[in-house]
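K.L.:
Assembling the complex is the task here: the two chains are given apart, and the hints tell you how they should meet.
Residue numbers (the UniProt record's numbering), protein chains in the order written: chain A, 1 to 275; chain B, 1 to 198.
Honestly, the hints are just simulated from the structure, not real lab data. Worth double-checking, as some hints may not be accurate.
Each computed BS3-like pair below joins lysine-lysine, with the alpha-carbon atoms no more than 25 angstroms apart [as the list claims (entries may be wrong)]: (1) B:Lys149 <-> A:Lys34; (2) B:Lys48 <-> A:Lys154; (3) B:Lys61 <-> A:Lys34; (4) A:Lys150 <-> A:Lys174; (5) A:Lys145 <-> A:Lys174; (6) A:Lys12 <-> B:Lys149; (7) B:Lys11 <-> A:Lys161.
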Amino acid sequence: MILDIEISDLRKLTEYIKTKGNYDFTNYAMSSFKRRILRILELYRLPSVDALIEKIESEPTFLEVFICEITVNVTEMFRDPSFWRQLRDEVLPNLLLNHKSINIWHAGCSSGEEVFSMAILLKEANLLDRVRIFATDLDKEIIQKAKKGKYTLKNMELNQKNYIRFQGKFELSKYFKEEDGFAVMDPSLVENVTFRVHDLVQGPVFNKFDLALCRNVMIYFNQSLQNSVLNKLHESLFNYGYLCVGSKESLIWCDSANKFIVVNNEEKIYKKIKE
Amino acid sequence: MRNFKINSDYKAVVIGGSAGSFQGITKILSQIPEDFPLPIIMCLHRLKHVRNGFVEALKLKSTKDIVEPVDKESIRRGQVYLAPANYHLSIELGNYFSLSTEEMFNNSRPAIDITLGTAAYAYRHRLVGILLSGANRDGGIGMARIQQKGGLTIVQDREECMISTMPQAALDLAPMDYELKLNEIIDFLNQLHKKLNS
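So here's chain B without its partners, still in its complex pose (with noise of 0.2 angstroms):
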């Protein structure tokens, strides 16, 4: 196993994922130790004008419980919270979201490039952001962001995703900390949880 360098002071988790993500997002659901102490954040392409269901199929195989918010919802350590339909998902200072149906961004509404880069400014460094697979660019931006604020960068490995597009946005606006399968990404997640533990 992989072992990974590690600081302490991680306040969430943002996951972004699109076109052949659900397997790998449902894969990382299943394995997440259930007292994991983060929030995560994911916000993940759907169809817009199906409002129920989508968390429900999460939560099947998740260790932990999973909540769309609602807006100005405070942000609670180790929940996990999905970006509803038809509605952005923005993180604001003083650890709450809150929601909009501005235009769509990257044709997307939850667009993750609004998640990601929210979270970036009001986590700064202290923010890890995972991009999974995905067939447009939406993502990459937001990535972007949290490498300029000195989060930790994840991007899946490109050979695994069966639609690379989403990770190689990320790449190509800045260098991300990791390129990784998913095994590993659950295992550094495992590893940030004792680390958060110790």
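In isolation and in its complexed conformation, chain A is listed as follows (with noise of 0.2 angstroms):
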């Protein structure tokens, strides 16, 4: 029958993973990690979580591999394109009227669709030099390949599709150039962002931004982590800064959540208010 992993198995594991790799799993959202944890088994063929932490524990480079598999790094370029509209009409154009130059946080931002499709939206309002970008993420391997910024042409289709509905100047084919079967972005479009390495649950508030955007992240996460996740946020922003959650995504129930006004509820955008 189908393979199953029990909680116990779970709970072995994130708390080997804490000690070993100084990674918390432990809050994360059940139901998506055991399936991350059952996709790992599958991918390398290990009938159980124990031959999983022996495989760790025996290669120490398959740490990095696991932590790439863990995290869920599917994205698209201008996923919700009415989000994408809402940014480049109301929420941009309002920091710029008060600000000479603006911070822009992507905290977890995968394999950068999202960093890249901003800097697309900037460029095309003009706005690109009066913008410093930080993209971070909690897995090196998927800085590097947001740094680089080579997509499928499969998925190009999707954010083809996207730009045109979020309505774009051109064509997005005007931002990439087609190499052995991959797309690959412009390089300018990100040559200020900064890319980093960043663990949104154990790292510190490293920087103040105007705007961040945290779209289907903390979806990961237990309530309790993303009621601390959120407290960071919002010590990350200036007063008056704007976050942005996934379409689905609610903070009421956060202990921060009075701390914010919500500007758009369809699209999930809010404004801090308060320190």
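P.N.:
Here's what the structure looks like:
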């Protein structure tokens, strides 16, 4: 029958990873975390969680592989085009009305699709040189991938459809060239982007931002971890800075919720109003 | 009318459907008692990039309110839920939902196997699973999981299905308790309603 894992096995694994690798998955949402583990067992033909622990123990490099596989790195350019239109037409004009330059943080940037979306949006609005972007992720490998901006043509089809719905000024193909069956994004788009490894769960507050995007990242955490990560995001924002989360995420049960107001409920755009 | 042997410890109903299931779902929702006490959790294949409109279309004839849950939303008695576009919908231990943007499964996001499989894990034998018409095999593993955990499994009658690939996938993996026509599924839910309210 179909392989399954017990909760006790998952606990054993998260304890081990915490001690061994200083990554804390204790408060990840259970069902998606379990699916990630099952996926790893299947990919590497491991019969059990014990075998997985044994593999990490005996092959030091496998820990990085594990981190890479455990994090969900499925993303799109201009996912939710109406959200990106809202950023372009409302949020950014509002921020840049009062500031000469602004800081943007992509927290949990994965393979970088949203970073490129942002850069394209800014370039088309002639704002790219007024913005400093920080893009961070837990996973070293994926940060390298994001920097390169190299995507499969199959994914590019979806990205192009989203770009059209976003009502971009040109065609998405203006921003990449095809190389060996891949789309390679124009590197000038991200020359002012700082890509950096940062752990949203255990890492420090490292800068202050006018706009933070953390879309479909906290869905992988349980409520108690969402709560502490939201505190961190709150602390990382200037007063009157904006926070954007995924279209089906909600902050209402977090302690810091009353320190934000809803700017757009449909697109889940919030504004910090209290320190 | 067929009489079903029903016990009263069910806590939730999950429904999966794809191509050819819209009419069936609409019919079920239009005939279900307004005070049906269990949560009904639906995972239906839908356009990935159309966020709005589907709930509204289902609500037109439904006796009950329907919502797309947000991440970590508590599951309430008597509420009808629909998996949102472009997210997988899971049921967590502790009676709440979680969403994820993981890889597509069976070419689908939301994937029925994920919703049904996590529901089976959370509710075990206290779950009713219903799988309707559909053109791919998504839902088969989920129904098998429900069967494995001792829940009640119903697939739509293959002759009645517009496309029977989906119920067939479930039947290929595990014995299902019932293979029913839509009208019988509605009878079943009505009898379940009576049983739970008695």
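K.L.:
Each hint: holds or not?
P.N.:
A quick look at each hint next to the structure:
{"no.": "1", "hint": "B:Lys149 <-> A:Lys34", "in the structure": "18 angstroms, holds"}
{"no.": "2", "hint": "B:Lys48 <-> A:Lys154", "in the structure": "16 angstroms, holds"}
{"no.": "3", "hint": "B:Lys61 <-> A:Lys34", "in the structure": "37 angstroms, violated"}
{"no.": "4", "hint": "A:Lys150 <-> A:Lys174", "in the structure": "15 angstroms, holds"}
{"no.": "5", "hint": "A:Lys145 <-> A:Lys174", "in the structure": "21 angstroms, holds"}
{"no.": "6", "hint": "A:Lys12 <-> B:Lys149", "in the structure": "24 angstroms, holds"}
{"no.": "7", "hint": "B:Lys11 <-> A:Lys161", "in the structure": "41 angstroms, violated"}
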